[in-house]
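What follows is the residue order along each chain.
Protein chains: 2
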Amino acid sequence: MKISIVCLGKTDNLFLINEIDKYIKRINKYCKIGVEIIPDIKEKNISFDVQKKIEGKKLLEYLKNFNYVVLLDENGTEYSSSEFSDYLQKKMNIGYKTIAFVIGGAYGFSSEIYSNFLDKISISKMTFSHQLIRLLFVEQLYRAFTILNNEPYHHS
Amino acid sequence: MKISIVCLGKTDNLFLINEIDKYIKRINKYCKIGVEIIPDIKEKNISFDVQKKIEGKKLLEYLKNFNYVVLLDENGTEYSSSEFSDYLQKKMNIGYKTIAFVIGGAYGFSSEIYSNFLDKISISKMTFSHQLIRLLFVEQLYRAFTILNNEPYHHS
Chain R
7 MKISIVCLGK
17 TDNLFLINEI
27 DKYIKRINKY
37 CKIGVEIIPD
47 IKEKNISFDV
57 QKKIEGKKLL
67 EYLKNFNYVV
77 LLDENGTEYS
87 SSEFSDYLQK
97 KMNIGYKTIA
107 FVIGGAYGFS
117 SEIYSNFLDK
127 ISISKMTFSH
137 QLIRLLFVEQ
147 LYRAFTILNN
157 EPYHHS
Chain Z
7 MKISIVCLGK
17 TDNLFLINEI
27 DKYIKRINKY
37 CKIGVEIIPD
47 IKEKNISFDV
57 QKKIEGKKLL
67 EYLKNFNYVV
77 LLDENGTEYS
87 SSEFSDYLQK
97 KMNIGYKTIA
107 FVIGGAYGFS
117 SEIYSNFLDK
127 ISISKMTFSH
137 QLIRLLFVEQ
147 LYRAFTILNN
157 EPYHHS
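Respectively, the protein sequence lines represent chains R and Z. Under our numbering, the first residue of the first sequence carries the number 7, and numbering increases by one thereafter. Under our numbering, the first residue of the second sequence carries the number 7, and numbering increases by one thereafter.
FYI, nobody ran anything at the bench for these hints, they're computed from the structure. Keep in mind the model is a prediction, meaning the values are calculated, not measured. Every residue gets a Cβ at the ideal spot worked out from N, C-alpha and C, and that includes glycine.
Restraint ranges, calculated between C-beta atoms of paired labels, are given here:
#1 24(Z) x 42(R): 21 to 29 Å
#2 124(Z) x 89(R): 21 to 29 Å
#3 125(Z) x 102(R): 37 to 45 Å
Can you build the whole structure from these sequences, using the hints too?
Right, dumping it as structure tokens:
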């Protein structure tokens, strides 16, 4: 299985880029993984809703390339780290070749995205910046693989 | 009200230090705030349980200085960002002069700490490194103040 973390808009924060990269390298020991950035719309004279809709169309087109798609969304299901590792194991058992975990833009997902992809995971009831969510998610993915492999990183 | 974020053990991760500092500076516009580090035990020949107990004693002593203490703990109450801003407002309304939000060490809190302080907040059902939790929490505090002041940072 190859895992893609699909994000809307690149980050300029070097701290985040370095930290995310650190976890990506660690996860690579267990699984093929990549971070894929869909450029966000830079247009200034459009409303957030219009922006979300245009970005949603591009995203939808892109997500057609994947066997399975999961949205990271505040209203999704919350898992503990151990439950999330089970979730991941089940997806691997099904035999998906490609799976995308999608992190929306600053204003979340368009309604088209929600109606096409029903599986949603929430990292927290709290709202975090969509850029920070990237770091949180790669940390959880790494943690999940260490749990599945009985390695000492995780202690809850 | 002065907010103290009381942490067990210092972090060497420069990126975390910088990011946390960025939010602390922003929060300072709204409220007195400080990060206070209780050194962790470096002893190598003791079990995690003994380490937790010794650190718990030091922490308990230190926390006597505060009017109100909240533990950040996986088994605590989960709030949305907006609910957390209400929570914070209520604590300010009560008129506490000092409030401590406490982030445990790598192995969590000792039973003594749990029995002394009953108010627990959970940032996520997932487990994150106690060092990353510091960044998540200052981001939420900053977000809470922007919500309370109707400023444009937050959109959920």
